[in-house]
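Top line first, the protein sequences correspond to chains C and R. Per my numbering, the first sequence starts with residue 1, numbered consecutively. Per my numbering, the second sequence starts with residue 1, numbered consecutively.
The hints are simulated quantities; they were obtained by calculation from the structure and are not laboratory data. Any given hint could turn out to be false.
As the list makes no split between identical chains, a pair holds if one copy fits it or if it spans any two.
Computed cross-link-like contacts, SDA-like style, restricted to lysine to any residue with a CA-CA straight-line distance of at most 20 angstroms [claimed, not checked]:
id : residue 1 : residue 2
1  : K291      : T112
2  : K123      : D14
3  : K123      : R47
4  : K174      : K345
5  : K345      : I261
6  : K174      : Q347
7  : K31       : L91
8  : K211      : L88
9  : K123      : G105
10 : K31       : N241
11 : K211      : S89
12 : K340      : L88
13 : K345      : S126
14 : K291      : Y146
Please read all numbers here as calculations on a predicted model, not as lab measurements.
Letter by letter, the chains look like this.
2 protein chains.
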Amino acid sequence: MTPVTAGSGRSLTDLFVEAAREAIDDAGVDKVDSIYVGNMMSGFLQRQEHLGALMATALGREGVPTYRVEAACASGGVAVNAAAKGLLSGLEDIVLVGAVEKMSGYTTPEVTAGLMMAEDYVKVASTGVTFVGLNAMIAREYMHKYNVTHESIAQFPVMCHQNALDNPKAQFRKKVGVEDVLRSPLVADPLRLLDCSGMGDGAAAIVLAPKDIARKFTDSPIELAASTVASDTLSLYQRPNPSTFEASRRASERAYAMAGIGPGEVDVLEVHDAFSVLGVMALEDLGFAEKGSGTKLLDDGECARDGRVPTNSFGGLKARGHPVGASGVYQVAELALQLKNEAGKCQVSGTEVGLAQSVGGIGSTVTTHILRRVN
Amino acid sequence: MTPVTAGSGRSLTDLFVEAAREAIDDAGVDKVDSIYVGNMMSGFLQRQEHLGALMATALGREGVPTYRVEAACASGGVAVNAAAKGLLSGLEDIVLVGAVEKMSGYTTPEVTAGLMMAEDYVKVASTGVTFVGLNAMIAREYMHKYNVTHESIAQFPVMCHQNALDNPKAQFRKKVGVEDVLRSPLVADPLRLLDCSGMGDGAAAIVLAPKDIARKFTDSPIELAASTVASDTLSLYQRPNPSTFEASRRASERAYAMAGIGPGEVDVLEVHDAFSVLGVMALEDLGFAEKGSGTKLLDDGECARDGRVPTNSFGGLKARGHPVGASGVYQVAELALQLKNEAGKCQVSGTEVGLAQSVGGIGSTVTTHILRRVN
Chain C
1 MTPVTAGSGR
11 SLTDLFVEAA
21 REAIDDAGVD
31 KVDSIYVGNM
41 MSGFLQRQEH
51 LGALMATALG
61 REGVPTYRVE
71 AACASGGVAV
81 NAAAKGLLSG
91 LEDIVLVGAV
101 EKMSGYTTPE
111 VTAGLMMAED
121 YVKVASTGVT
131 FVGLNAMIAR
141 EYMHKYNVTH
151 ESIAQFPVMC
161 HQNALDNPKA
171 QFRKKVGVED
181 VLRSPLVADP
191 LRLLDCSGMG
201 DGAAAIVLAP
211 KDIARKFTDS
221 PIELAASTVA
231 SDTLSLYQRP
241 NPSTFEASRR
251 ASERAYAMAG
261 IGPGEVDVLE
271 VHDAFSVLGV
281 MALEDLGFAE
291 KGSGTKLLDD
301 GECARDGRVP
311 TNSFGGLKAR
321 GHPVGASGVY
331 QVAELALQLK
341 NEAGKCQVSG
351 TEVGLAQSVG
361 GIGSTVTTHI
371 LRRVN
Chain R
1 MTPVTAGSGR
11 SLTDLFVEAA
21 REAIDDAGVD
31 KVDSIYVGNM
41 MSGFLQRQEH
51 LGALMATALG
61 REGVPTYRVE
71 AACASGGVAV
81 NAAAKGLLSG
91 LEDIVLVGAV
101 EKMSGYTTPE
111 VTAGLMMAED
121 YVKVASTGVT
131 FVGLNAMIAR
141 EYMHKYNVTH
151 ESIAQFPVMC
161 HQNALDNPKA
171 QFRKKVGVED
181 VLRSPLVADP
191 LRLLDCSGMG
201 DGAAAIVLAP
211 KDIARKFTDS
221 PIELAASTVA
231 SDTLSLYQRP
241 NPSTFEASRR
251 ASERAYAMAG
261 IGPGEVDVLE
271 VHDAFSVLGV
281 MALEDLGFAE
291 KGSGTKLLDD
301 GECARDGRVP
311 TNSFGGLKAR
321 GHPVGASGVY
331 QVAELALQLK
341 NEAGKCQVSG
351 TEVGLAQSVG
361 GIGSTVTTHI
371 LRRVN
């Protein structure tokens, strides 16, 4: 993983290559049979598509099959899933999955327009509503429906900022309290600045291989026990119940079945908290709390690294940073570090199973990945 | 397949849904386990990403996993390959692959900038060179190196226009001669207007399933006998030999090995003739002619529908049209019609095996698909 930063001035390629080289070196592999690249906005912001061949060339690995996968903010998560299918096809042995996004160096209106490409341009984006505006509607509905206060929800970013203090690659390493969140500048009522993830540049990469091949390179492989993708309507206005992400429920239910576990067996959790309320909703939609009661976990300190459901242990989207198309791979890489007991000061003790949830658009695509330590 | 047109005013979604519904109805399937969407330029031109969830929703099939795959002009071909891997993974039974591009309704500079996203923005596109300019360099090099005349190469688009006369879905149904090509307006020396594919809107879709499942829906399934992707350097300037596409050779060699055949067994061929010279080079790189002698096949009428290597039987990119990210799926759909003996006036007699080559960027990504009639 590269550090997540804004204003580094580094190119898409530089970022990707740094993460990919680190992953390849860490895995100790020479051969890579194919390369999967997750990214959302490079066409719009960098006037650059065809990232598969671009990155293969930059890595000196032109020739191999390459796949650029896009699903808005879930691009990285979907790239991991597509790569896992590639391995299961039996056509390839070792694959690289990397994801990158560069959001700095552009005006806020440019990035805002770019992010809205996750929603329907014709019917929604063209009205002028922004992505944070749509999430503000979700927050308002959630707070009203379940009688939950902003104070309660604000505990989510507070917890993320606390965790990011120990992550040298985090974009925002600053302790904040609930009052800081509530007094930060209003972005889209009720969401304030500290309810929202920021704009950042970053890339993350992992190497995947079937278990028998992975064992040639490491004595402690981490198993990808489940990888699922589910979709929902593209647009928020098409949903009867905006305060639940059905795709999140679908993807996680299939993943639990695939891995043969339930939420109770998850030791470390990464959720897609692009906005504070989404972090809380994820706790519920993934089965860690009843609908409307996600904040109770926060009240009780259960999401802290020493709690029952350690969540976003490296800072999550809010504080580690959210280079949108790359975040899904950051999550998986962070879980792998946790399970390998290599998470440094972010380490959660005794982790055997990790789960990552990545969300594209307004809950329109959701991926779930379950990782398991192989003993 | 939708007809390829310019100026229809139809949206990306309308185009995709028309093709997808036709494919699903033709296949007679109810269930679709996942949806693969190929597209290149929607972010830049339509300010729309996240086409997976968009199209699943438009088809009333939200919930299924969706994958948007991008590899410039080879987006459709790579989407077919990714879907084939999905089937081989054993995780899904019936998949829909659709690809769409909308290029009309924008200025030529806008589309020209969009197409250059297939090349390296930082090092190449930013210099102002255009995509047709790069292909003109290839044409000049090819003509010089092999002492081939423009007259000889111009036979390729002439043949495509001839074939398109019989294809009601073709964008350009107009007979042209070699003299017409040579006298058409100069675009980038030596390439003239009739050497170049045009800008069009279109969508194509297919349904794939493992053989045992396909047999429940049809007595005459068409086998996808090979599906390969290869890459090369992203940029033309990085190539020692610009008049051969190494990725084309790599992808086709792997495909021939996978299908257990050689070029001599191909009865009908679809090649990526975005520019006339690329059609000729494809005949060579795919093994149908020695390097530098591709035009001899045209001299001898071998590429006509009654020739030895019937090529671009529906008109190819030049005359059927080239909605860039969709063309790779058009090719596969056209081959399927040929092998099913449902190609109407475009029918080539006695087809058992078809091959399609799709090219992304300046030969930077190439896919090969081999289809075979199952007797």
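Alpha-carbon proximity between K31 and L91, which holds within one copy, between copies, both or neither at 20 angstroms: This pair counts as within: shortest intra-copy Cα distance 14 angstroms, inter-copy 26 angstroms.
Identical-chain pair category, K291 with Y146, by Cα at 20 angstroms: Within one copy only: 8 angstroms inside, 71 angstroms across.
Homomeric proximity label, K345 with I261: Cα distance no greater than 20 angstroms: neither (28 angstroms within a copy, 57 angstroms between copies)
Within, between, both or neither: K31, N241 at alpha-carbon 20 angstroms: Classified as neither: same-chain Cα gap 47 angstroms, cross-chain 25 angstroms, threshold 20 angstroms.
Up to 20 angstroms CA-CA - G105 versus K123, copy category: between (29 angstroms within a copy, 18 angstroms between copies)
Alpha-carbon proximity context of K123 and R47, limit 20 angstroms: between (24 angstroms within a copy, 12 angstroms between copies)
Homomeric proximity label, K211 with S89: Cα distance no greater than 20 angstroms: Both, since 14 angstroms and 15 angstroms are each at most 20 angstroms.
Homo-oligomer pair classification [T112, K291; C-alpha up to 20 angstroms]: neither (30 angstroms within a copy, 50 angstroms between copies)
Homo-oligomer pair classification [S126, K345; C-alpha up to 20 angstroms]: neither (45 angstroms within a copy, 43 angstroms between copies)
Intra- versus inter-subunit Cα pairing at 20 angstroms for K211 with L88: This pair counts as both: shortest intra-copy Cα distance 11 angstroms, inter-copy 18 angstroms.
Alpha-carbon proximity context of K174 and K345, limit 20 angstroms: within (16 angstroms within a copy, 70 angstroms between copies)
Alpha-carbon proximity context of K123 and D14, limit 20 angstroms: Close across copies (13 angstroms), not inside one copy (36 angstroms); limit 20 angstroms.
Figure legend: structure checked against the earlier numbered hints; hints not met, in rising order: 1, 5, 10, 12, 13.
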